Each structure stands twice: as C-alpha cells, then as structure tokens.
Amino acid sequence: MEELKQQLAEILTPDRKDRSQLIPILQQIQGKLGYLSPEAMLAVAEFVEIPGSTVYGIATFYNQFRFTPLGKHPVKVCMGTACHLAGGKLVLEAMARELDIEVSGITPDHDFSLDRVACIGCCALAPVVVIDDSVYPRMTPPKVEEVLVSVKPASQEQSEKQ
Amino acid sequence: MTFEEIQKQAKSDWDSLYHGEVPHILIGTATCGRAAGALPVVEAFNKELATRNAQAKVTEVGCIGLCSLEPLVTIIKPGSFTVCYNSVTPQVVSTLVEGYVLGDDPCLELALGTVEGGEGEAVYIPELSKFEHELRLILRNCGYINPGNINHYIVNGGYNGLAKALKMEPMAIIEEVKKSGLRGRGGAGFPTGIKWELCRQASSEIKYVICNADEGDPGAFMDRVVLESDPQQVIEGMIVAGYAVGARDGFIYIRAEYPLAIERLKVALEQAEKLGLLGDSILGSDFSFHIKIAQGAGAFVSGAETALMMAIEGKRSMPRPRPPYPVESGLWGKPTLLNNVKTYAYVPLILSHGAEWFSSMGSEGSKGTAVFALAGKMVNTGLAEVAMGTTLQELIFDIGGGIWGGKQFKAVQIGGPSGGCLPQSMLDTPVDFDSLREAGAIMGSGGVIAMDEGNCMVDAAKFFLDFTQKESCGKCTTCRLGTKQMLDILEDVTAGRGRIEDVDLLVELAEDVRDGSLCGLGRTAPNPVLTTIRYFRDEYEAHILEKRCPALVCKELIAYYILPDKCERGCEHCVLGCPVEAITTNEKGIKVIDQTKCTKCGSCELVCPPEYNAVVRLSPPSLVPSSQVKESDGVIPEEK
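If you're matching them up, the sequences are chains A and B in order.
Sequential numbering of the first sequence, starting at 1, is according to our numbering.
Sequential numbering of the second sequence, starting at 163, is according to our numbering.
Hints listed in this document are in silico derivations from the structure and should not be mistaken for laboratory results.
Hints are supplied without guarantee of correctness; some may be wrong.
PhoX-like cross-link-like pairs, simulated, lysine-lysine; straight-line CA separation at most 20 angstroms [what the hints assert, rightly or not]:
id	chain 1	residue 1	chain 2	residue 2
1	A	Lys-89	B	Lys-632
2	B	Lys-632	A	Lys-5
3	B	Lys-632	A	Lys-17
4	A	Lys-5	A	Lys-32
Please read all numbers here as calculations on a predicted model, not as lab measurements.
Just chain A, same shape as in the assembly:
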C-alpha cells in the first residue's frame, strides 16, 4: 500500500484535483502499473473527491482500462473489420490455444497476456497482432507459434544481460 502511494504521488499532483483530469489520471496509472487495481481506483476517488463506485463505473465503461495485470509481453490481436475478414478470429483462437489462456487472461508465469483490440489502423496489413510495441503483419494460425518463440527468447536474453 505504501509502495502504491509513492507510485501514485507523482501522478496525483495537487493541480490535478479536477474531474476533467480523471480519465487522464487513470490512463497514466495504467501506463505505470499496467492495470487499475481496486486500491489504485480508491486512491484516485479519494483524490478527486468522488465516490469509488463512480471511478469504477467510469473505468469499466472504457475499453482501454483493464483490471488484471498485464503480461510481460502483452499480446493484442486486432479484431477490426479488415482483420476479421482476413481471418483474425482464427489467429485469436490460435493465440489462446498456444498460450493456453483465455482472451483477457494472463499466463501463469506472467510472461504473456492476451487481449482483443478493435482496430489499430493497420488495415492494409491484416490480420495483425501486436506484441510489446511490434506489429506482426499478415498473421496466420501456423505463424502464431513462430512469433511467440521469437518474442520469448529475446526477452530472456535481455533479462540475462541486465
């Protein structure tokens, strides 16, 4: 809790005690923590001086906010129109199968989380998957395993270096 308070202190600065800052604040917290925990939302409610239920109501209204932690490598499968028509759903299913988690879930080792997103604007490269900040164009179910393997060993090397 103390740790959380410290992390939030940078975001909840006195000049932002304003209702119109609520969504930007939640966005920043999610950017920092990867998700919105009940404790974080309550802290924001106290700060902006509105009920916790209102903060929760607003956070759950918008697709951007998540309430479970993000994996080390967040996997986002685009389900926009172009991706759907090009077989995006099969890619999403293959991803869920390969990671052995449900959509919106996270692997037990917290390496990967899986989400569906509605269009990242790369329709010409459909279907696309975004892992970390890289876009993988023209995905197919057989390519899923290959892509996941390419992401994971790279991260292991990185952590060894550090």
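With the hints as your guide, set chain B onto chain A.
Same frame as chain A, now just chain B:
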C-alpha cells in the same frame, strides 16, 4: 515575427533540404510504414551513410497512402529525378546508397516510380495509374513533408488561410465556408458553415472548439494518416474556426490507440505556438487561441458529439438528447463547435483558394473531395482522395486495383459498422453523402472494405453488429436490447439454428433500433444487417434452409476434408500443423481428419502445399463421406 518573415524563414529551411546540394532521403514512418518495418530501414540508412561518410540527409515523413507497398523510401537527388522505392528492407539499403545516393544508377529494379509535384501541388507518382483517378487536397503533402517540421507546411501554402482570416470579419469567414458547400466529414454531412454560424450566434463569453479525432471505426484510418503526415492543416483549421465563432480554447479529442498521431500532434502544437501562430495574440492580432489534447479511452460511442463532450468532462461517455445542440450548450454547458479532423483540414484551403475553387469540385450536393481508407480484399490497400461523386467502381477497381488474388468481387462495406454492404450491381453508385444514403449505406467514417467470394455476408453482418452491440453505451433500451436480440438471431443463423421467419424479424427489430435510439451509433447500427438482407437475402436463406454457408466461412456449417486423390501421401504437413492432433494417416497412407476432434482452425488448409491443395472446406458438413476412411479413394464429394 510577421507572417512574411515566418514564410521567409520557412523557405530557407525547406530549400536547404529539398533543393540542397546533397541527396535527401525521405522515409515514410507513419504507423503503417512502421508496421511494415520502416524504422530498421531508417537505422540502416543512417548507418550506411555514416560508414561511407556520405553527404546526404534523411527525413522521416508521413504516409502517401500506399500502405501495401510500405516501407517507402524517396530519394531526392540534386539535378536528377526524384525516385520512390517500395517494400524497402535494410538489406537493400546499401544498394540504394551506392547506386543512387552516391552514384548515378537509379536502381530501377527496386523503384516504384518517380515522384512529382510538391510545393503547392499535390505529390504523385505518375507511373501509378491510381493517381490519375485521385484528386488530392488534404493528402497533397502527405508522405513528402516532415510532419515534425512546421516550416515544411508553411512553404507548401500553410497558414496562408489563417493569415488571410485574421484580416477578415468573422462573419465573412463563415460566409466563405457556407459558400464553399463544405459538409462535415465525420459522416453525417451537416453543412459546416451553418454549424459555425449557429455557434457564432450563441451568446456566451466562453466557447469551445473541438476536433473529433476519435476514429473508432474498425477499418478506417484516414484521420490517423492525416494527423501523422500533415497535422498542421488540422490545427490551422481549428484556429480559423475559433476566430470565426469567437472561441479561445480548443480540444483535440483523439484515440489513445493512435500514440504516434498524438506524439506528432504534440510536436506540431508546440511548433505552432513557438512561431506565434497559436497561443496568445496570434500573429500580433488581439486574437488568442489555445489547443489541448484530450485522449480517448476507447469507446466507439465517444464519436457521437454529445458523448464525446462527456468524455472530455471526465464522465461516462454517453450521448444525450438534442436539442440543445452543442453549438448552444456543449462542453461544460458552453456553446461548442465540433468538427471532424478532415473538415478542419479543408478550411485553410478554402480560405486560401476561395469558396468557388472548392465548390467547383465534387457533385451537386457534396462539394470538394472525400478521403477513403481502402482495405479488405483489395490489391492497393491504403488511402485515396477523390472528388465527391466518383463511383464505387472507380474507387475499388481503378484506384484499389480490384480484388486481390484474382478472386471475384462480392460486396463493399462502406461507412464502417454504421454503413452498409453494397453488391456488384450498386458499383455505379457515386460516393457522396446523398447517393450513398439512398443506397442504404452512409459516407460514415470513410472506411471502404472490399469483400470477395470467400467472405460470408451473414458473418460480416454479425461482425459489425457484434461490434456495435458491445459498444452500445446502454442508455437507449432499443439499442441496448435490440442489438443484443439481433445478434442472438444472427448467431443462430450462422450456427444453422435459424428459422426462416427470423429474416423478417431482423428487419423489424432493425427498424425499431434505428428509430428508437438517440445517437448515431444506435441509429445506424442496423445498416449492415438491413443492407445484407436487402442485397444478399439468398445467403441468409442458404444458412437457414440448407444449413449451408455458401462462402464456406461459418464454422458450424462447414467441415474440413482432405481430398483423397489429391493428398500426397508422403507429406506430413497437415498432421504436424494440426494443433489438436485430429489428422491421422490411414492404411493407404492418406491423411484423414477426425471430425469429432477438429476445431476448424484452418491450419491444415494453410499448410497443405499449394501444389497439392488437398484440404477443402465442405458445407454443409454432412457432405463429408462417413465412409471416407475405408473406401473413399478417388471419390470426391460434390463441392458446393
């Protein structure tokens, strides 16, 4: 600084790069370019130039709209042709540097074409016939100028409109916009000048100007490209709007899913402020205007104007009944002018070139041009800007290059989840606000998605409805419950549980949802269902009466089957590719799919080598011979 001084300074900055003594390399690094690998190309160029100690400059530019050919690199060479290269990889960078940057070989085998235009004229590639059919106004600079350098915009005519506007009476500006015939590019097509006039007339000390960049349609990306490639035109348009209606503050409401556009906008705002084109006493006048960025948090309904203002206020983004219209009571109860990204982008051009110039383009009721995002099964996916009134045929075949992979065109979805699916017979429809509405579609966001024979129209309608149903904010009962009921019916139909009376029930529900909802989301959500029933009723009937999906898409109505006489017995691709071990080899060496284990993921079809092409989809699934394991050799069930 006076505007003339700003222009002079901009010119010298521009000339040093674009008319300099050394070659100048432009690399498209908008989101689509990056997805195709543009950043490693930038790195490779910088490295290659450094190791060879070559005198050349590299500039990151936006997107010219040829998404399927990214990454694009353009080399401007003093005293020679400007050449554009497509699908550039880091591997070919040294060839390009050696060949054209340092030498005189334009590397034609890698080139897409030459680049012409620029400096006031729209940039184009004469070798590509697509450009002959286009008319580029707001895309004129895209992919040629550095979106992170305001001088590049100014040299190409930028901020002329604002400089002119500040010498005009606000009402004269509004008259000019009215005379131009400009209609809102967010989709509904409300006359822009009238909106401005209403906002001008509202009496209030405080007014707001909002730019709607919440491009939520899953399949449209014009606003993103405009903001990533030439953001200053939108900012200039907003400042002019602020001056015209009497507002001092503006907001750009933009999706958080567009991080690069947000970054480039921030840089653009800073630069405009630095030159005194934005902020306090603009260009020495007594007019002050400030712009802030508000990031959306992912709700399609936020695209509706009243819902968008709720989001900026930090509330649940839900629409409210109008009147009062936002021009009277909008953001925080103050008169608010809200327009789309592209609407603002046209404004500086209208002021610089005059209303008559603008209204000379386009069709009877829709003036100027329209920008479309071409996607789906088209050859040339990307952006196109055409005169209003261009036909769908021209847009899809002459500009889009037709259907990919030599397949048959089936339908075009225009206007996103709020639009409609139009068949081949409607390809003569001109794209303008009124003609599209008549056909059952709408201009909407401007997304144009082509579908081929391999796409199921019932599945497509289900996809769009699934999207709008999830995005319904829940305020209006007809939208909240109606879209859910419609979706349930469509799920039954695609799963083979549909009843024939369901089709009429869908139409009835669709009309109720349309009539009983407050905002554009609910009012247009039924369009995909209504148009697919109107133009593709036979597909609905095949699903319901024959339990058959003609396009072989709906999972419950298809089965994967390996044609015994085509199966190359020694090959194991499908067996290894199947994630659920449903494929085995029978005693004759032929691969057989266990239908009870098969999850219909399609992997076997994708991995079966094209020279065999032995995996097929059958619909209805009962076409798979039950006896195939024992005696199916050579027996090919009739494919439907």
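Evaluation of the provided hints:
no. : hint                 : result
1   : A:Lys-89 / B:Lys-632 : holds (16 angstroms)
2   : B:Lys-632 / A:Lys-5  : violated (34 angstroms)
3   : B:Lys-632 / A:Lys-17 : violated (32 angstroms)
4   : A:Lys-5 / A:Lys-32   : holds (13 angstroms)
Checked against the numbered hints given earlier, this structure breaks hints 2 and 3; the rest are met.
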